[in-house]
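A.B. asks: Spelled out from the first residue to the last, the chains are:
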Amino acid sequence: MHTDAAVAPSRLAHHFPDMKTQEHAARMGMWLFLSTEILLFAVLFTAYALYRFLFPVGFEEASKLAHVAMGATNTVVLITSSLTVALAIHYARHGENRKVVGLLAVTILAGAIFMVLKGIEYHHHWVDGQLPGSLYHYAGLKGPGVSMYFTVYFLMTGLHGLHVLIGMGVLAWVAVRAARGEFGPSYSTPVELSGLYWHLVDLIWIFLFPLLYLV
Amino acid sequence: MNLLNEFLRHLLFLPQQASEWARQLDYLHYFVFVTAMLGAWTTLATATVFVFRYRRKHAEQSTPIVDPKPIHEAVFIGLPLVLFLAYFAIGYPQYVRLQTPPRGAIDVYVQGKKWMWKFAYPDGPNSTDVLRVPAGRPVRLLMTSRDVIHSFYVPALRLKQDALPGRYTQVWFNADAPGRYPIFCAEYCGLGHSAMLGELVVMPAAEWDAWVEQQRRGGNPRAQDGQPTAAEDVDLRGSIVEQGRRIAAVQGCFKCHSVDGSQHIGPTWLDLYGRSVKLENGKTIVADEAYLTRSMMEPNAEIVAGYKGVMPTYQGKLTGPDAAAITEFIKSLRTDAPTAEPQKGPAYVPVTGK
Amino acid sequence: MSQSPASSPVYNEPNYLDAEKGLRSWLTTLDHKRIGVMYLVLTLVGFFLGGVFALLIRLELLTPGPTIMDAMTYNRMFTLHGVVMIFLFMIPAIPGIFGNFFIPLMIGAQDVAFPRINLLSVYLYLAGAAIALVGMINGGTDTGWTFYTPYSTTTVTTVAPVLLGAFILGMGSIVTGLNFIVTVHTMRAPGVTWMRLPLFVWAMYATSVIQVLATPVLGMTLLLVAFEKVFGFGIFDPARGGDPILFQHLFWFYSHPAVYIMILPAMGVVSEVVQTFARKNMFGYKAVAFSSLGIAFVGFFVWGHHLFTSGQSTFASGVFGVLSMFVGLFTAIKVFNWTATMYKGAIQVSAPFVYFMGFLYFLVFGGLTGIALSTVSLDVHWQDTYFVVAHFHFIMVGGTIMAFLAGLHYWWPKMFGKMYSERWALAAAVLVIIGFNATFIPQFLLGNMGMPRRYYSYPEQFWPLNVASTAGASLLAFGFTLILFYLIASLVKGRASGPNPWLSRGYEWNTPSPPSLQNFPQTPEYDRGPHEYQDGPAAAEVKHAH
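Chains as they are written, first to last, in the numbering used here: chain X, 1 to 215; chain P, 1 to 354; chain C, 1 to 546.
So here's chain X without its partners, still in its complex pose:
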């Protein structure tokens, strides 16, 4: 564990007057970045809203083909992982790096479980031909808007899945730094920021799940 005095000067970049300003900048940068992420998804939410409005029946019927059990499990898994990440931030602030590593490992594992379940769902859809647009060839359900549901479904969950993978990578990198014992009361910004990112990924799923599986 590092002491306050040992950490601070080496972490300070040359162009910042003090550590406080630097962390303020980093946090603000992260929040701005998260806002761009939300706008990225906003396009897809707009498309979802428009096509749901245009094809209410098609969307309702098609969403019955979604695997609600797996989706629900995934929701629980992700919410749990948000908790573990929040705890990791807490322990990082107290310099308990070993607990941070453990909690982050659990978080990454949760991400992996999520991706595996998602993969199984994708596989089912693939086998049944429940695919976007021109690739749709499922005989069990036809009608206007059905293939559009799967277009939107795959775009939204695909983009979200990509974010889960990126989040797992970032958390793994932070876990390595925690294993080196880098975090303490004076320096825990990377854990906080990557945790923020993970919360966002979780939050987006909390919107996706009811929209795509339940409504």
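In short, the hints are calculated from the structure, not lab data.
Values in this document were obtained by computation on a predicted structure and should not be read as measured data.
Here are the in silico distance ranges between beta carbons for each label pair:
#1 P:G136 to C:A427: 56 to 62 Å
#2 X:A86 to C:S25: 39 to 45 Å
#3 X:L203 to P:A59: 58 to 64 Å
#4 P:G78 to X:M115: 56 to 62 Å
#5 P:E20 to X:L34: 51 to 57 Å
#6 P:K255 to X:D128: 39 to 45 Å
Stretch by stretch, here's where chain C covers chain X in the computed footprint (C-beta under 8 Å, at least three residues):
#7 14-22
#8 25-34
#9 45-57
#10 131-143
Capping the alpha-carbon separation at 27 Å, the derived lysine-lysine pairs in DSS-like fashion look like this:
#11 P:K57 to C:K418
#12 P:K69 to C:K344
#13 P:K308 to P:K283
#14 X:K99 to X:K20
Using N, Cα and C, we set each Cβ at its ideal position, and we do this for glycine too.
Assemble the complex: chain X is given as a structure, and chains P and C must be docked to it using the hints.
C.D. replies: What follows is chains P and C alone, placed relative to chain X:
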């Protein structure tokens, strides 16, 4: 008023005004032009006067701090705001009027297709590229597109409306000046965008009634594709390619041949010229001028592999110059595209109702 | 401590250009000034390419029929011109060059908040530009820079690479904007309050907000088009229930604010130029600063004015039309305040000031034609004609490029410590302004006559005005080439400019020219705003904290 209208219309290079709406729009145009010019030049003249009046006298001259009083900013905000809102207050109702067709308007269905306009009257004739309307009666256009977005544009009517695939849009006009006016496509739609020309023919109402009656009786077997009148045969729009396209449209070539690469009853004309074509009898032939002309006159002599010999001969229907013009038109259809995958145009979904 | 800071003995370290040598030191630099210079080189290459494409377009339009190329080549050419000029020059140029170079100098910071991300943005620019250009030239993209569906998803040419390239360029743009927002919020030196912030920084701040909030939408939209084109996802395909107009809404949700990404920085540049050359503080500082934010905000709610003829509801058209008026209103406020700034000033007519006057003139007419277009009914006639082409070139070329040239001439001595030939500069400025008028005024008239845009050939009645426009374009090209020559000549054998050749009191001039590697030996502290010229030459602009 009339003189002033003509003066400003020429000053601004505006085309003829073929409807009352066009005239009203031009009046707004003049109002905007004159007031905006006054405002702009007042501002710019003030700036220029300042440049001369306040030249620097020595390098490190000091200047007073001049801060605005609230009244300055109020004027800066208020003046343009009042002017702009006045423009909007005149312009927006005009726009709403354009979007609201009156009862009893004559309906014409307009279909944009690469790269031609098709017009159809309910229970009446069809035509390609030539839209005939009566003077002094409201006409409503119901538009859609076969492939990509096009935009129906008649400068003389100051009228423009996008034709969208899979949707109907509408617009209306009441042309009151008989004459012939160009129709352009205003939304970029590919190779033939600038050649997607049509013509609006505004006829005196009685003449139009007679014309419709004649078309309905089916007196003319080729009326389906809008047999051109003698006057139209003198094509003022120029190039031989353009003539070829019109002749092809009149002869109904596009019923079987596409010009955008899509599969149809006959081979597409896109990139046809100069291509090596495999024939049904196994031979390969280069589609040059000779082959193209032969195919018009003796269509069943050399059939392209994969097609049926269903094309009638055009011997006697096409004169030499006509065939040459069509050939030139085919030659102009080139993509030079690296990938020659056929196009999958969206399906045409007719909307029921009315 | 009242001393002229530029001659202060603490500035004895080498300037940023000489501090390190070699290509490697440039490619790996984290210095915001060097990154600014790299953007200068890269965006000028983009501008040159886009200019060549523009000239080829004008040459093709010299005669009504085919002139030097076939229709397909022409369609590719205007697509290339649009994509290159917008994504490789207009959007990145002023933020990338002047924003990077001057924001830290103007707020008394040693660098931007995230120097490494700043360098990343340069490489994103390079990668995006390479992918887009190679993809377009190999694949022959012919969709126009607007990529309207379903044309873009059904054309036989390749579209996906340019979409990917634009996506990557967009990421670079987001990163730059994010960096600037954080920099302005967290790194202002003591005394640089929000109400003393140089107006260029205010304008860049407003620009950055748009970049961060609008660009992701474009990025995702372009990816959707690529997905549809490559895999047939059908999201904009009417045959599968998709809505092509949805694309237009999403596209213009970014691309209209993107117009303000291009013009707001220009407004910031001329605010600095007019204050220096009129030797006056800005009349109505707050009005100018807040109108930038106003444009950024309202700019998000006007995109529908591109869809007046698309069949959108008359109600929506009305709302978008009246909101568009407010953008014009904010611009008018700026124009009046710039003009009033010259009142009781001490005006020096140098090349940057001539460009400022050109900017003012073009912006007034470009802006007023924009107002005319947003009266809704007039747009029905003008939509997609040369009138619109002339309108946005008045804003983009007449506004942004004039301001870019004003800034380039104003800050050239600051960036490189060299002075160009004033006589040549004045000659080129006059040439560019005349050439611009000759190119684009005929296009307004062509639009009035009804000539649609993106026309490869045209009926003969449009011929004379097209000839005039092409003649003007050649003048314009000549003027730009001239500028390039004397600027390069000034680097080779120009006389040293001294630290502050314009005797400006802008904050950025409180450093030597060119600036030293470390911007300030110690954090500066300000007790007055920039550009206050009410007292004599002896007054100091800066005092140093200890």
